[in-house]
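Peer 1: The chain contents come next:
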Amino acid sequence: DGGITQSPKYLFRKEGQNVTLSCEQNLNHDAMYWYRQDPGQGLRLIYYSQIVNDFQKGDIAEGYSVSREKKESFPLTVTSAQKNPTAFYLCASSTPYSPLHFGNGTRLTVT
Amino acid sequence: DAKTTQPTSMDCAEGRAANLPCNHSTISGNEYVYWYRQIHSQGPQYIIHGLKNNETNEMASLIITEDRKSSTLILPHATLRDTAVYYCIVRVEYGNKLVFGAGTILRVKS
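These protein sequence lines are chains G and Z, in that order.
Per the working numbering, the very first residue in the first sequence carries number -2; after that it's consecutive.
Per the working numbering, the very first residue in the second sequence carries number 7; after that it's consecutive.
Source of the hints: derived by calculation from the structure; they are not laboratory data.
Just to be clear, a hint being listed does not mean it is correct.
[What the hints assert, rightly or not] Below, computed lysine-lysine pairings styled on DSSO-like, alpha-carbon distance capped at 30 angstroms:
no., chain 1, residue 1, chain 2, residue 2
1, G, Lys80, Z, Lys9
2, Z, Lys58, Z, Lys9
3, G, Lys54, Z, Lys9
[Said to hold, decoys possible] For the chain Z half of the interface with chain G, some residues (derived, Cβ under 10 angstroms), not all of them:
no., residue
4, Cys18
5, Val91
6, Tyr93
7, Arg97
8, Phe106
9, Gly107
10, Ala108
11, Gly109
Computed from a predicted model, the values in this text were never measured in an experiment.
Think of the CB as a built atom: it goes at the ideal place given N, C-alpha and C, for glycine as much as any other residue.
Make a model of the complete structure from these sequences and hints.
Peer 2: Shown next, in the form of structure tokens:
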């Protein structure tokens, strides 16, 4: 079945550590996205990539970094510079003509 | 992308139609209306989208007013499994940024 896989589902880290969240898709979509969701709120765009080796900052990119070396993969690194990293992180992909398909998210807790 | 306004929450009786409104008064001519829903701790699920005409699929119907400033998502026979947060979003057809508001919490009750 085609889809988006985010792993792990739950992730725990100590403050000051960088952590990388995985996102893999087998839908052959060109565009991929990372969103952050805080409790009771909507999704906010962190980074997006329309094509391999290219990506753009979203609305809340500070403290995050991404790479897009392969079409299927768009990992997100939450750096120690991100002041409030605890959140639910969602990855999505699309073509220009299709709705976004979302993964089931990674819940990151930093203590 | 244009902003949308939705009620914070709504209740619906099981088996009845759920009508979820959305205002998007600043929508541009090339922006589509999209609806997604999110069940707790899962990724949002696409429901339906439209530009001008009303749309229907196996999940729902979308009614867009003639001036395109508002729309209504209709779940014809709501079930308990339809309890979720519903997001109304406007997006340029080939646009890459979806701006999500807080959405409407729909509670379907037996």
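Peer 1: Under 10 angstroms is the threshold here; is the Cβ of Arg97 (chain Z) close enough to any Cβ of chain G for the hint to stand?
Peer 2: 9 angstroms, holds
Peer 1: With 10 angstroms as the cut and Cβ atoms as the points, is Tyr93 (chain Z) at the interface with chain G?
Peer 2: 7 angstroms, holds
Peer 1: Gly109 (chain Z) was flagged as interface toward chain G. Is the shortest Cβ-Cβ separation under 10 angstroms?
Peer 2: Status holds, d = 6 angstroms.
Peer 1: Holds or violated: is there a CB of chain G closer than 10 angstroms to the CB of Phe106 (chain Z)?
Peer 2: Hint holds; Phe106 (chain Z) Cβ to chain G Cβ min 4 angstroms, cut 10 angstroms.
Peer 1: Going straight from one Cα to the other, do Lys58 (chain Z) and Lys9 (chain Z) come out at no more than 30 angstroms?
Peer 2: 17 angstroms, holds
Peer 1: Should the interface hint for Ala108 (chain Z) be scored as holding, given a Cβ-Cβ cut-off of 10 angstroms against chain G?
Peer 2: For Ala108 (chain Z), the interface hint holds, since the closest Cβ of chain G sits about 5 angstroms away, which is under 10 angstroms.
Peer 1: For the restraint on Gly107 (chain Z), tell me whether the closest CB of chain G is nearer than 10 angstroms.
Peer 2: 5 angstroms, holds
Peer 1: Please verify whether Lys80 (chain G) and Lys9 (chain Z) have alpha carbons no more than 30 angstroms apart.
Peer 2: 27 angstroms, holds
Peer 1: Could you check if Val91 (chain Z) really has its C-beta closer than 10 angstroms to a C-beta on chain G?
Peer 2: This hint holds: Val91 (chain Z) lies near chain G, its Cβ roughly 9 angstroms from the closest one there, short of 10 angstroms.
Peer 1: Please check whether Cys18 (chain Z) passes as an interface residue: C-beta within 10 angstroms of a C-beta belonging to chain G.
Peer 2: 21 angstroms, violated
Peer 1: Next pair to validate is Lys54 (chain G) with Lys9 (chain Z); report whether the Cα-Cα distance is within 30 angstroms.
Peer 2: Holds - the C-alpha atoms of Lys9 (chain Z) and Lys54 (chain G) are around 20 angstroms apart, at most 30 angstroms.
Going through the hint list in order, the structure does not satisfy hint 4, though it satisfies all others.
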